[in-house]
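Trainee: Just so you know, the sequences run in chain order A and E.
Okay, so the first sequence: first residue is 1 according to the working numbering, each after it adds one.
Okay, so the second sequence: first residue is 1 according to the working numbering, each after it adds one.
A couple of the hints might just be wrong.
A pair holds if it fits inside one copy or across any two, identical chains being indistinguishable in the list.
[Claimed, not checked] List of simulated lysine to aspartate or glutamate pairs, DMTMM-like, C-alpha gap at most 20 Å: (1) LYS21 to GLU32; (2) LYS308 to GLU285; (3) LYS49 to ASP320; (4) LYS171 to ASP147; (5) LYS176 to ASP147; (6) LYS383 to GLU311; (7) LYS176 to ASP146.
FYI, nobody ran anything at the bench for these hints, they're computed from the structure.
Remember, predicted model here, so these are calculated numbers, not experimental data.
Protein chains: 2
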Amino acid sequence: MTERMRTIYLDHAATTAVDPKVVEAMIPYFTEHYGNASSIYSLGREARKALDEARRTVADILGCKPEEVIFTSCGSESDNLALRGVSLARREAGKGNHIITSPIEHHAVGHTCEHLEEHFGFEVTYVPVDEHGVVDPDDVGRAIRDDTVLISIMYANNEVGTIEPIAEIGKIAKEKGIPFHTDAVQAGGTLDLNVDGLNVDLLSLSAHKFYGPKGVGVLYVRNGTPLLPTQTGGGHERNRRAGTENVPYIVGLATALRLAYDHVESNNQRIAALRDRLIDEITAEIPDAQLTGHPTNRLPNNASFVFKYVEGEAILLNLDLAGICASSGSACTTGEAEPSFVLTAMGIPPEIAHGSLRLTLGRENTAADVDYVMSVLPGIVEKLRMMSPLYAAR
Amino acid sequence: MTERMRTIYLDHAATTAVDPKVVEAMIPYFTEHYGNASSIYSLGREARKALDEARRTVADILGCKPEEVIFTSCGSESDNLALRGVSLARREAGKGNHIITSPIEHHAVGHTCEHLEEHFGFEVTYVPVDEHGVVDPDDVGRAIRDDTVLISIMYANNEVGTIEPIAEIGKIAKEKGIPFHTDAVQAGGTLDLNVDGLNVDLLSLSAHKFYGPKGVGVLYVRNGTPLLPTQTGGGHERNRRAGTENVPYIVGLATALRLAYDHVESNNQRIAALRDRLIDEITAEIPDAQLTGHPTNRLPNNASFVFKYVEGEAILLNLDLAGICASSGSACTTGEAEPSFVLTAMGIPPEIAHGSLRLTLGRENTAADVDYVMSVLPGIVEKLRMMSPLYAAR
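Whenever a hint applies, use it, and build me the whole structure from the sequences.
Mentor: As structure tokens, this is what we get:
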């Protein structure tokens, strides 16, 4: 069908390849500076030094104090520690039982809220989103009760790329004295992470979304925020997260974060231009194609759509055959038969939500990749529609 | 002081260097096969395949089914998931509120038990250990109550190397229908891990103790064992541990475990001979030196001691200056001013427990390393005693 054999990777929201510079930074900590960072001899002190430096790098980018950075094993752990840690600690202090979140959070937040309801007796309020997936800060304000212990709203949605008004929500939370967590896993590497600017008390990051390794994350916790640890043992991370420090990956995370923010504006600009071409050309050239998420206030790399009369999964399989890696939504929900809960929360009818496609660009993508997508995608959608009884009956 | 500049690493119980073969096995999964294992395109399926293969390797060595293997981010997470997961699930099912453990567990178990007592209303019974750090299975049997939900006893102690009678304890637990967890973090790589032979329902491992990377572990969970997840989100690990799979490290863990068990007997034999030389020569040549832990039933690589009239930390600093990495006990308790709780639980008086030294051998150690230790350690102990008012007043 085509002479090109190269894989076009357009699923950077699912994960990214580790930057070779990051791999290079990690390697010495596997075989050479392999000491346990808690050990007192020189080999251990080397590891400790690398850890301290990584923590300072992260703190620098977040505009926080190094001791406010907790290294975790992934974004999901960061979200769990934030939600479970704050909710349980504040309830223990007699502050209440009520959590506020949105219906479009990643499962690491959404399922954790459900878990806290089902197994730990918490009550959760889900503030609505509009048709673009935007939370209204005033809705958050109205949902606050005397017994609210935590507010958790994501920075940017992983499926449709919508950026939420975090700073405004944070302002309201701060006025009421309620800890505010944001899942910034999708925002990390592209959006501003200054925690004071964002008015957040807790913020989750995952390295593998910004060309770092899978298996390491950050939870920023503002000094003074009550937090019951979810993983106990040794006194690592100031008694907030037990476990021998994964020095290579922590060094990798810091290196990747530094690389991402060293050229964040020019990178965003270049990638957003490719994104806008995808959005413009797909909605122009493919009938019944609709952009999902906010038209402008969205992640620079996210182009997500629904196509009527076609199954998202069928599009993906055909794109895969053409050498294009894409997804229908979150990788973490792959295999679920239901249509995306994000899309349905935005008011998209289930039968249309089934036809979702998410293309998320990254550093290595070029204009030629967009050309290639446009050379195959319209044909795939058309072919699938020809086979669809729904399309024939439209 | 000496012409040798090479570091003699004798703290393999704290952590190990990653085997270059393990690094080699991991590398392709950083930059080449970097797909998200939950993605449906070929790049994701490659990652999934590597994950499945790693799981089969681990299952093969544990003698269990692949689906009974949960990959975690470390031994501490495995212990936390076992303890919190089973205790909370069984309490929710109305089975009770009581946990049995020993006083010499790693903090990942011990502090988690305390946490479950302080914050979740559990009650914990600590069965005693004898002067060698051995738990009597009959004591475990006697501690069992109608409301006992979990028994957790370590396979081998991390400080003194004593191997516990796990199979016998497991037999008693099985007769009473109580889930039995063992923290096998120190045993992994040297002792038999067959879960049926050991009569265990849950078993924790950590890759960095057997020349794999820090930041990845295993929790074996026997089919049918109730377990409430501690980290919720995506459906990873059959809904028992959410988080994008850390494919490189999981491949690394499986590779390291396979390498360890491919030559386990000959490795153990060689290392135990070095250990026995350390034990024999140190107790013969240094006055008031006492072996800690069981005289024979101990980890092949562990030689641990207490020296009267001297501080363990002072020995370590002097050994470090001589290029020898060693520890006074668990790396995870470094910085604690108290004497080792393991040693005091074994009846060693605090003032003697303060003078502890743990030498733990590994693959790269040779007879020359033992010679070198013996050329410096007696002098260090003597020098420190000369400076000690306690020694002068003895």
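Trainee: Between LYS383 and GLU311, at a C-alpha cutoff of 20 Å, which is it: within one copy, between copies, both, or neither?
Mentor: Cα proximity of LYS383 and GLU311: one copy only (12 Å, versus 78 Å across).
Trainee: With identical chains, the pair LYS176 and ASP147 could be close in the same copy or across copies; at 20 Å between alpha carbons, which is it: within, between, both, or neither?
Mentor: within (11 Å within a copy, 43 Å between copies)
Trainee: Checking LYS21 and GLU32: alpha-carbon separation at most 20 Å within a copy, between copies, both or neither?
Mentor: Close inside one copy (18 Å) and across copies (14 Å); limit 20 Å.
Trainee: I want to check one pair: LYS176 and ASP146. Are their C-alpha atoms no more than 20 Å apart within a copy, between two copies, both, or neither?
Mentor: within (9 Å within a copy, 47 Å between copies)
Trainee: For the identical chains here, do LYS308 and GLU285 meet the 20 Å Cα criterion within one copy, between copies, both, or neither?
Mentor: Classified as within; 14 Å inside a copy, 83 Å across copies.
Trainee: Evaluate LYS171 and ASP147 at a C-alpha cut-off of 20 Å and name the case that applies: within, between, both or neither.
Mentor: Close inside one copy (18 Å), not across copies (48 Å); limit 20 Å.
Trainee: Since the copies are identical, ignore which copy is meant and state whether LYS49 and ASP320 lie within 20 Å (CA to CA) inside a copy, between copies, both or neither.
Mentor: Between copies only: 17 Å across, 44 Å inside.
Every hint, counting from the list given before, is met by this structure.
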